[in-house]
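Take these sequences, add in the hints, and give me the full structure.
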Amino acid sequence: MQSEYIFKVICCGDYSVGKTSIIKKAVYDEFSNLYKATLGVDFALKVLEYPQKQTNIRMQIWDIGGQERQKHMHRVFFRDAVGAIVVYDVTNEASFHSAKEWKKEIDKSVFLDDETRTQIPTILLGNKCDIPHQEFVKKEEIADFCKEHGFIQHMNVSAKTGRNIDASLRELADVVMETCKDMIEEDENDPAEDAVILNQDSDTMSAKVDKKGCCT
Numbered sequence: 013m014q015s016e017y018i019f020k021v022i023c024c025g026d027y028s029v030g031k032t033s034i035i036k037k038a039v040y041d042e043f044s045n046l047y048k049a050t051l052g053v054d055f056a057l058k059v060l061e062y063p064q065k066q067t068n069i070r071m072q073i074w075d076i077g078g079q080e081r082q083k084h085m086h087r088v089f090f091r092d093a094v095g096a097i098v099v100y101d102v103t104n105e106a107s108f109h110s111a112k113e114w115k116k117e118i119d120k121s122v123f124l125d126d127e128t129r130t131q132i133p134t135i136l137l138g139n140k141c142d143i144p145h146q147e148f149v150k151k152e153e154i155a156d157f158c159k160e161h162g163f164i165q166h167m168n169v170s171a172k173t174g175r176n177i178d179a180s181l182r183e184l185a186d187v188v189m190e191t192c193k194d195m196i197e198e199d200e201n202d203p204a205e206d207a208v209i210l211n212q213d214s215d216t217m218s219a220k221v222d223k224k225g226c227c228t
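When we follow the numbering used here, the leftmost residue of the sequence shown carries the number 13, and every step to the right adds one.
Please note that a few of the clues may not be correct.
To be verified - Computed spacing ranges between beta-carbons, pair by pair: (1) G174 - Y62: 13 to 21 angstroms; (2) E183 - D156: 14 to 22 angstroms; (3) Q14 - D186: 12 to 20 angstroms; (4) G162 - D194: 15 to 23 angstroms.
What the hints assert, rightly or not - In the BS3-like style, the derived pairs of lysine-lysine whose C-alpha atoms are separated by at most 30 angstroms in a straight line are: (5) K65 - K116; (6) K172 - K58; (7) K120 - K65; (8) K36 - K159.
To be clear, the hints were calculated from the coordinates, so they are not data collected in a lab.
Computed from a prediction, not measured in an experiment: that's the story for all the values here.
For glycine and all other residues, C-beta sits at the position ideal for the given N, C-alpha and C.
If you want it as structure tokens, here you go:
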């Protein structure tokens, strides 16, 4: 029997690091060198298929504009997210240091469970790795950085070539599914339902089930 899960992921980072390009590559397999800043928020749907597990994951990826951290609008846009992507530009050292500030905003704005204040899984992506550049931080230092600030993983990606785009989303999806495993198993016991929607219900994290298999 085919299982389907629907959940929201937020994509954050400074402006011009390539968040929108990553999402477009992931969802539409498209890339453009033309830069257009995201104003406010946009989102797209990425479907991850796991044929061997007879499972599909419908990941709503919310593209948060790079200026939103300063505008303090994150609480509105972050609501109901169960996972996050923080992007920096491997050719821009300042954007790497900003990643920890974005992580702080995420950690104080949204939780899997408000009572336990469980942080949502967040992956760190270094975009534009296809561009020749001088590394400003060593791999060992990045690993320490991720451990210190609570990132589940770090990957270098390229929105232009597609390198590690799908792999990074699957890594995040796997951790989200594992983190919410108990909640998912509880709702899977109802055979009459088609899709499990992971989001926040009132003050705590819960799984909602959608009979029509669409997210509302």
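Checked hints:
1. G174 - Y62: 13 to 21 angstroms: 19 angstroms, holds
2. E183 - D156: 14 to 22 angstroms: 19 angstroms, holds
3. Q14 - D186: 12 to 20 angstroms: Because 18 angstroms falls inside the window, the suggested range holds.
4. G162 - D194: 15 to 23 angstroms: 21 angstroms, holds
5. K65 - K116: This hinted pair is violated, its Cα atoms lying about 35 angstroms apart.
6. K172 - K58: 18 angstroms, holds
7. K120 - K65: 34 angstroms, violated
8. K36 - K159: 29 angstroms, holds
Taken one by one, the earlier hints fail for this structure at numbers 5 and 7, listed in ascending order.
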